[in-house]
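Visitor: Single-letter residue listing:
Protein chains: 2
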Amino acid sequence: MEEKRTEISELGEFGLIDRISQTVEIQHPESVLGIGDDAALIDSGDHYTVLSTDMLLEGIHFDLAYMPLQHLGYKAVAINISDIAAMNAVPKQITVNIGMSNRFSVEAVEAFYAGVRAACENFKADLVGGDTSSSASGFVISVTAIGTVKKEKAIRRSGAQSGDIICVTGDLGAAYLGLQVLEREKQVFLTNPEMQPQLEKYDYIVGRQLRPQARMDIIHELDELGVVPTSMIDISDGLGSELLHLSRASSLGVRIFEDKLPIDKQTYDTGYELGIDATTAALNGGEDYELLFTIRENDLEKLKNHADIHFIGDMQSLKDGNIMVTKGENVVSIKAQGWDHYSR
Amino acid sequence: MEEKRTEISELGEFGLIDRISQTVEIQHPESVLGIGDDAALIDSGDHYTVLSTDMLLEGIHFDLAYMPLQHLGYKAVAINISDIAAMNAVPKQITVNIGMSNRFSVEAVEAFYAGVRAACENFKADLVGGDTSSSASGFVISVTAIGTVKKEKAIRRSGAQSGDIICVTGDLGAAYLGLQVLEREKQVFLTNPEMQPQLEKYDYIVGRQLRPQARMDIIHELDELGVVPTSMIDISDGLGSELLHLSRASSLGVRIFEDKLPIDKQTYDTGYELGIDATTAALNGGEDYELLFTIRENDLEKLKNHADIHFIGDMQSLKDGNIMVTKGENVVSIKAQGWDHYSR
Numbered sequence: 001m002e003e004k005r006t007e008i009s010e011l012g013e014f015g016l017i018d019r020i021s022q023t024v025e026i027q028h029p030e031s032v033l034g035i036g037d038d039a040a041l042i043d044s045g046d047h048y049t050v051l052s053t054d055m056l057l058e059g060i061h062f063d064l065a066y067m068p069l070q071h072l073g074y075k076a077v078a079i080n081i082s083d084i085a086a087m088n089a090v091p092k093q094i095t096v097n098i099g100m101s102n103r104f105s106v107e108a109v110e111a112f113y114a115g116v117r118a119a120c121e122n123f124k125a126d127l128v129g130g131d132t133s134s135s136a137s138g139f140v141i142s143v144t145a146i147g148t149v150k151k152e153k154a155i156r157r158s159g160a161q162s163g164d165i166i167c168v169t170g171d172l173g174a175a176y177l178g179l180q181v182l183e184r185e186k187q188v189f190l191t192n193p194e195m196q197p198q199l200e201k202y203d204y205i206v207g208r209q210l211r212p213q214a215r216m217d218i219i220h221e222l223d224e225l226g227v228v229p230t231s232m233i234d235i236s237d238g239l240g241s242e243l244l245h246l247s248r249a250s251s252l253g254v255r256i257f258e259d260k261l262p263i264d265k266q267t268y269d270t271g272y273e274l275g276i277d278a279t280t281a282a283l284n285g286g287e288d289y290e291l292l293f294t295i296r297e298n299d300l301e302k303l304k305n306h307a308d309i310h311f312i313g314d315m316q317s318l319k320d321g322n323i324m325v326t327k328g329e330n331v332v333s334i335k336a337q338g339w340d341h342y343s344r
Numbered sequence: 001m002e003e004k005r006t007e008i009s010e011l012g013e014f015g016l017i018d019r020i021s022q023t024v025e026i027q028h029p030e031s032v033l034g035i036g037d038d039a040a041l042i043d044s045g046d047h048y049t050v051l052s053t054d055m056l057l058e059g060i061h062f063d064l065a066y067m068p069l070q071h072l073g074y075k076a077v078a079i080n081i082s083d084i085a086a087m088n089a090v091p092k093q094i095t096v097n098i099g100m101s102n103r104f105s106v107e108a109v110e111a112f113y114a115g116v117r118a119a120c121e122n123f124k125a126d127l128v129g130g131d132t133s134s135s136a137s138g139f140v141i142s143v144t145a146i147g148t149v150k151k152e153k154a155i156r157r158s159g160a161q162s163g164d165i166i167c168v169t170g171d172l173g174a175a176y177l178g179l180q181v182l183e184r185e186k187q188v189f190l191t192n193p194e195m196q197p198q199l200e201k202y203d204y205i206v207g208r209q210l211r212p213q214a215r216m217d218i219i220h221e222l223d224e225l226g227v228v229p230t231s232m233i234d235i236s237d238g239l240g241s242e243l244l245h246l247s248r249a250s251s252l253g254v255r256i257f258e259d260k261l262p263i264d265k266q267t268y269d270t271g272y273e274l275g276i277d278a279t280t281a282a283l284n285g286g287e288d289y290e291l292l293f294t295i296r297e298n299d300l301e302k303l304k305n306h307a308d309i310h311f312i313g314d315m316q317s318l319k320d321g322n323i324m325v326t327k328g329e330n331v332v333s334i335k336a337q338g339w340d341h342y343s344r
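Protein chains in written order, with this note's numbering: chain A, 1 to 344; chain B, 1 to 344.
Any given hint could be a false lead.
[Said to hold, decoys possible] Within a straight-line C-alpha distance of at most 25 Å, the following computed BS3-like cross-link-like pairs (lysine-lysine) qualify: (1) B:LYS319 <-> A:LYS150; (2) B:LYS150 <-> A:LYS151; (3) B:LYS150 <-> B:LYS319; (4) A:LYS151 <-> B:LYS151; (5) A:LYS265 <-> A:LYS319; (6) A:LYS319 <-> A:LYS304; (7) A:LYS319 <-> A:LYS260; (8) A:LYS260 <-> A:LYS327; (9) B:LYS319 <-> B:LYS335; (10) A:LYS150 <-> B:LYS150; (11) B:LYS304 <-> B:LYS153; (12) B:LYS260 <-> B:LYS186.
[To be verified] Far from chain B, some chain A residues (derived; all Cβ distances over 12 Å): (13) GLY15; (14) VAL24; (15) MET67; (16) LYS92; (17) PHE257; (18) ASP308; (19) GLN316; (20) GLY321.
Hints were generated in silico from the structure; no laboratory data involved. Don't be surprised by glycine CBs; every beta carbon is placed ideally from N, CA and C.
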């Protein structure tokens, strides 16, 4: 008798996580929020402890051909802090596990940790532990971040109400196009190692790929302005995918307007050059590590002059679906694409 | 000009961790204890939050040729809980990150998580998060465990005093010899795939390798008996290496007696068969996941009838060195060997 074999690509990453989480039993009442948000919430008396973890694997999440180790260390921390930010929390501690083969020197490891340290200083997180191990093949990184948030300020994906305004920070699609440029230059280099990479005119988008920032600045500003978003998520897999997470968690539909999407000129220009539509890059590209959140309509006044927060649409009833109104005033469905590594 | 290149094997894992930890700056007073113990301690008001993390990599820490995925899931959790136990804390939450290639099916992932779940139930930890990703090479696992301990009961490696009695739980060296048997059977199988593995007479030592237990039972019993050890560490890299950690952290010497080391008969017998000295396996084998701790002499009375706690020596002044008195009454130095994957 043959054993059943289901390919992971049939379920996708989120389907797999769903299936795993269905079998989980919670034994401690302190475990307030588990699998299915940006981070877990643990009741710690007067506050929640916020816990987030992520793995970065060579050949899947990064390519050392163009990712300097120092940037990699920075990025590994930043993307975890971004998950802490998405709960409206502030980071406190991180741990970093790495596995690497003996092709790496002590100096290479130190370059990686110099990036970790820079991110720790920038985001005010203490490196309190971790594991270093040899690896039989590639470079493997796993980071865990711990943060804290006052109970009444913790934000889940599920809190949006119909009529809430959808906000995004910064701009979108740049990191994805930066990656395309780096991939292209790598191919040029492989063909002709004497060619120097031409990256000057792509400085912004390449920087967005190599050195993403967690938007802790926005978290502090929202606090100062007295605005508590109703739901929040960070944009790691592309705006489209994250909007669908908010929709599902809040049991509401989303409506966004293409002409409201914040996209940098260099993203547009490079997209034009490479034949990649900038809106598609914004929706499906990923790795922006900006914040996507919803606010009550009457909080709009407090945020409307903020240079780096953009209002791209609103929450609507579930039956109205998840839609984008295009520049040509057509209505298209928002579909999940994101970074589904299994289906590559 | 050539860049300097230092091989990681020149420093070893602990040398590398030392070098990294020297550059770490702590910004939050809540980060009470960081790199250099079994787990980090974070001040959470009336208690410490205890944080431990570990990575397991295919081809380095496990071989799927003889490690069933369900056991692997169990072990990945248990070895992290063991670090929580070593702080005298109780586990509360865990997160599990995995990376695997598409050679694994959904059913394989479910088998892994069935083991994770069994360990969570056994050790009373809630699975609250994690990441699943594809991997370009092997199976990669990173687990983070969170626990809590009352402040006055937290035990560091550094608290031992001269004259304290050195205790170990369970027995030592079995997991290492179990691994040797599994490796031998694998080679037999590779030579002749029709051969069935002969493991019955090695059931105990193979079980110690495939399904290690975190000694939470001992933590609860110590609490009931009113004994707070003065220092503690779990035995993951071999008794010798862990004794040297206690010595260094406490600025004391250790003296142990070979004839007091708890070693199972199957470990002795298999060691004899394979030509591996059982004492060497106990000192340098690793993966026992038992507890090594020190107690004040006047606590001995409370523990002396405990069937699973063994008194193997005592702490002495630093100038008297780290020594083992052999069965033949010779005195030998204890050297670090352990599992130093880099030097393989």
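Visitor: Hints first: check each against the structure and report whether it holds.
Guide: Hints, one by one, checked against the model:
1. Straight-line distance between C-alpha atoms of LYS319 of chain B and LYS150 of chain A comes to about 51 Å, which puts the hinted pair past the 25 Å bound.
2. In summary, the hint linking LYS150 of chain B to LYS151 of chain A is supported, as the alpha carbons are separated by about 22 Å, within the 25 Å threshold.
3. Among the hinted pairs, LYS150 of chain B with LYS319 of chain B is inconsistent with the structure: their alpha-carbon atoms are about 34 Å apart, more than 25 Å.
4. Of the pairs offered as hints, the one joining LYS151 of chain A and LYS151 of chain B holds, with about 23 Å between alpha carbons and a cut-off of 25 Å not exceeded.
5. Between LYS265 of chain A and LYS319 of chain A the alpha-carbon distance is near 35 Å, which puts this suggested pair outside the 25 Å criterion.
6. The hinted pair formed by LYS319 of chain A and LYS304 of chain A fails the criterion: a straight-line CA distance of about 29 Å is larger than 25 Å.
7. For the proposed pair LYS319 of chain A and LYS260 of chain A, the alpha carbon gap of about 23 Å is at most 25 Å, so the pair holds.
8. Of the supplied pair hints, the one linking LYS260 of chain A and LYS327 of chain A holds, its CA atoms being roughly 9 Å apart against a limit of 25 Å.
9. Annotation: proposed proximity of LYS319 of chain B to LYS335 of chain B holds, straight-line Cα distance about 16 Å (limit 25 Å).
10. Between LYS150 of chain A and LYS150 of chain B, the direct Cα distance comes to roughly 22 Å. Compliance with the 25 Å bound is thereby established for this hinted pair.
11. Of the supplied pair hints, the one linking LYS304 of chain B and LYS153 of chain B holds, its CA atoms being roughly 21 Å apart against a limit of 25 Å.
12. With a C-alpha separation of about 34 Å, the suggested pairing of LYS260 of chain B with LYS186 of chain B is violated against the 25 Å cut-off.
13. The claim that GLY15 of chain A lies off the interface is violated: its Cβ sits roughly 9 Å from the closest Cβ of chain B, which falls inside the 12 Å cut-off.
14. A cut-off of 12 Å between C-beta atoms contradicts the statement that VAL24 of chain A is not in contact with chain B; the least separation is 5 Å.
15. No Cβ of chain B comes within 12 Å of the Cβ of MET67 of chain A; the nearest lies about 14 Å off, and the non-interface call holds.
16. The Cβ of LYS92 of chain A sits about 5 Å from the closest Cβ of chain B, inside the 12 Å cut-off, so the non-interface label is violated.
17. At roughly 32 Å from the closest C-beta of chain B, the C-beta of PHE257 of chain A stays outside 12 Å, upholding its exclusion from the interface.
18. Listed as a non-interface residue, ASP308 of chain A keeps its Cβ farther than 12 Å from every Cβ of chain B; the least gap is roughly 25 Å.
19. Every CB of chain B is more than 12 Å from the CB of GLN316 of chain A (nearest about 30 Å), matching its label as outside the interface.
20. Under the 12 Å C-beta cut-off, the non-interface status given to GLY321 of chain A relative to chain B holds; the minimum distance is some 28 Å.
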